[in-house]
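These protein sequence lines are chains A, B, C and D, in that order.
Here the first sequence stands for residues 0 to 255, numbered as in numbering that gives the first Met the number 0.
Here the second sequence stands for residues 0 to 255, numbered as in numbering that gives the first Met the number 0.
Here the third sequence stands for residues 0 to 316, numbered as in numbering that gives the first Met the number 0.
Here the fourth sequence stands for residues 0 to 316, numbered as in numbering that gives the first Met the number 0.
Misleading hints may appear alongside valid ones.
Unchecked claim - Cut-off 25 Å, straight-line C-alpha distance, at most; resulting in silico cross-link-like pairs (DMTMM-like, lysine to aspartate or glutamate):
no., chain 1, residue 1, chain 2, residue 2
1, D, K208, B, D239
2, C, K2, D, E156
3, D, K2, B, D98
I should point out that these hints are in silico values taken from the structure, not numbers from a laboratory.
Note that the structure is a prediction, hence the values are computed from the model and not measured.
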Amino acid sequence: MTENGRHSASELLAVMSSRLLDDGQTVFAGVGIPLLAATLAQRMHAPGLTILFEGGTLGPFITPGELPPSTNEQRCTRRANMVLSSTDVLLLLQRGYVDIGFMGGAQIDQYGNLNSSFIGDADDPTIRLPGTGGGNDIASLTRLIVAMIHEKRRFVETVDFVTSTGFWRGGSSRVEAGLITGGPAKVVTDLAILGFDQETKRMKVEALHTGVSAEQVRENTAFDLLFDTDIETTKPPTDDELAVLREFDPDRLYIA
Amino acid sequence: MTENGRHSASELLAVMSSRLLDDGQTVFAGVGIPLLAATLAQRMHAPGLTILFEGGTLGPFITPGELPPSTNEQRCTRRANMVLSSTDVLLLLQRGYVDIGFMGGAQIDQYGNLNSSFIGDADDPTIRLPGTGGGNDIASLTRLIVAMIHEKRRFVETVDFVTSTGFWRGGSSRVEAGLITGGPAKVVTDLAILGFDQETKRMKVEALHTGVSAEQVRENTAFDLLFDTDIETTKPPTDDELAVLREFDPDRLYIA
Amino acid sequence: MTKSYIDLRSATEMRDRSLRDKVMSLGEAAALIADRDHVALGGCTLSRTPMAMVWALIRAGKKELSISRSITSTEGDLLYGSGASRHILTSWFSQGIVWGVSKVMRHYTENKLARFEEWSHMAIGLRYRAGAMGVPFMPVRTMMGSDVGGRIDETHEMDCPFTGDRLLLVPALNPDVALIHVQRCDAYGNAQMDGLPFMDIDIAMAANKVIMTTERIVSNDQIRREPDRTKIPFITVDAVVEVPYGCAPHECYGVYEPFLPNLDYYAELTRSDPVAGVKEYLERFVHGPKNWNAYLTLLGMENVIDATVRGRSVYND
Amino acid sequence: MTKSYIDLRSATEMRDRSLRDKVMSLGEAAALIADRDHVALGGCTLSRTPMAMVWALIRAGKKELSISRSITSTEGDLLYGSGASRHILTSWFSQGIVWGVSKVMRHYTENKLARFEEWSHMAIGLRYRAGAMGVPFMPVRTMMGSDVGGRIDETHEMDCPFTGDRLLLVPALNPDVALIHVQRCDAYGNAQMDGLPFMDIDIAMAANKVIMTTERIVSNDQIRREPDRTKIPFITVDAVVEVPYGCAPHECYGVYEPFLPNLDYYAELTRSDPVAGVKEYLERFVHGPKNWNAYLTLLGMENVIDATVRGRSVYND
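So that you can see chain A by itself, here it is in the shape it has in the complex (with noise of 0.2 Å):
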């Protein structure tokens, strides 16, 4: 992909992602690279941002190589602020406690729709994915950063699935449906930087990053795509936050 020699494409999402936080923030955040780029925010810019886990841990305390392997077990509540019941720490997107979440999935559509559950025709599928876990409130419920590898494979037309609604069937078809708050707000990849028409809430290139043309983003793209009329490069990563994250994860669980 994006590897560079300087950086891998993980990395790349992580520190992107991470500039899209803001802070005092509070952030749902699912292991891996959601976890990474949230960790490297208060690390770089936003030092009083709040990370969730969908295990039911409020403000943790993460340590520079102790990362938690997944959301539900104790390593992730080590030195957090508080521990809530999994339906407690869900209920607070739903009250509005929550700015963003922050998740990936294995295909994303047009729309901003997530398919974590089926390939294939849900009633014969070629394979069974694990499935929505908190995905669907999520997405149901607070703004989205999806952070996700650009691949033809998996940015689709319409996914195979809904597991975690985006703007639905596009226009106003997300309200329409019951979800009233929230909705995708970026979709960061190792290509580009992607946000949705304001009307039409199809998926839309704002920004490319340093070396990739539109050209590349449309060959790895299943649909047809909007431009902004003004696309943006980003700033590559600096050695700053590359050392911080390489710090964090000197395993190269996450980022490898």
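The hints should help you fit chains B, C and D onto chain A, whose structure is shown.
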């Protein structure tokens, strides 16, 4: 009242109520007579009785001479098995973990409705009483034992205000109102033990205390009472029962 | 009355929910409360009453507050008597069973000078819980058929689409401000609570602003050592005030029991003339002392020690 | 699917909810579970999994169990592979992210040998919570518009009578049996839990029968000393079984972390041939050992010690 030199009216209420509690039951008890009666039952014939208090206490350890002053302060929690939030302890009633609710009231009517809110018209009351507390919840959600002094001004045809619903307007009206479980089971007074007619749900004398006549009960009741065909006479409080009561309440806080 | 979900979410989004020092004085915290706010009080009857904040808001001359609490005791009398509130939503309102029916509550309600809006205890709890969960109502199986339910316009009945049961829907209650008193809390608002939790957790989660008074402020390190003992998270808290004996003359579990001489004195004072009695009490105990410690001085050292000995005794086994 | 309220109440009324000794063996507890029961499992993924009871019910040859859990890991594979269950209701099903998608889950579901009924994590939690509260449903603002919601027949949508919002109503889930593992519990079933509580409290309150396994049985005196640490009350519990390392190879907060070598071995064993792999694992680790301690012996002393050292480390600050 029934003070006959051997025991007070309150002691009679406590003893007679205690005999209605079975071993292994869970009782939601108010402070005062209900608590004393439950404690007496535990000592005499129901060692496995579990007491709940509205403040959130489950299975407290009642020490002779240290009766709690109300159900919402720390004294109620002394050596309890658990404390819960006040919402959650009331939800035990709704879930069905409680066998018997045990309370009093300022007025009761022929269908077992209780008033503890207003004397007179609710829009222009003669007396504004303290209100329902959890009384309405207990009466709505479980079988009820009511302990009250038998007076004409308390045993009225229709209560001024239905704070805690009994059989409402009689017949099946309680169930039709949406209260499909529970309902008043027994009313224990210093004159008699009363139940309710299966069909009409009107109050019915089932037993008279020793030395009390049917006439006496009628005189102290402002509505037409039904009488069982075979009215029993209750056995007077035993020395053992009175001794236990007085051991628990040596200062006669509740048995005066 | 139920807040629109969009408004609730926007208000929450605008709050600074970051991990920051929120320590301030009682007076500064009182300034966070606006006239006409709906203020929910934690604790129940004589337990963990946020008395110091009630005291501070009366001193600050707040007006037309709408108040809610599971069960209301003398703090309700003081709110009526001071003019800070003329509307209290609660399930039971009097000083406490042993003191009989509150003459102050009777005077204000029977003369229609103030409103005592009665809901069942569980219904109030579930209204806060719905507010805490971000749903507009909770279904309950209580209050139906009663005049308590009948006097309230704000509920709906429905037939359950799953079972056909009749259910009552009680609306979410999202207070503008919650006043909570706890045994321990850090500077950010992470609160630990001992003993009976009452409705405090739901109230804090439901409210749009939380003022936390605490017997003592502990370090964030101490909180992080036992994250499973945190009952209210800092993200919900807007002010932290350290006030030893902050519930006096009421109790704080494991720290002090009620100050009975003061409660007896108050009951006696308001028995014959509720209006003059409550005014005198307010003058002497609320407006008189120059600060909270001066108020404790009025309560008297002997009573402080006695209440403390009884309070700690719950741990003497 | 939602139980009638009358049936739920009658079933609860018939349970012996008194304070009595409920201590028994794993085998005796397994006998309380009937074929075709709906069995809810406490914990989440690799945490506080009631593995010893799952192990015991597979050994007892239970059939056609319907299982539910917030997130399902290897215990789900074993339930499929042993034939104890062909229906698991959960939000996420695989051993754990680091081991990839479960080949056993894939084999059984893709070949339609078993059903994986997918609900969102929060919806499952609120189904248990409705069951715990004695209401037939909870309103939620999730799953709408998704195919997760679309594949489920058991929900209803409604327009909120207070706000007009569209809401999804998820039905109460009242399991026949709940299996819960905790750090400490007395002989009556009063349970304390450290760390993440997951959905265990709601599951226990919702179920019609609770089998509590515990790292150790403590005295009722110890429980009564801190009644605010009791998380599940004895009135809900029907069996208490003392099983040290009762979650192995999964973890129990503060006591031991996952037994990673065994989990790696299992993943490897099922990777190429899921059916033969899971059978071999069941033979060797479930049916082979004569009791739970013999099973721990198979896991190996070194692994027990290593998991324990890592488990306790959460308190090393």
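Worksheet item: Which numbered hints does this structure break?
Response: 1
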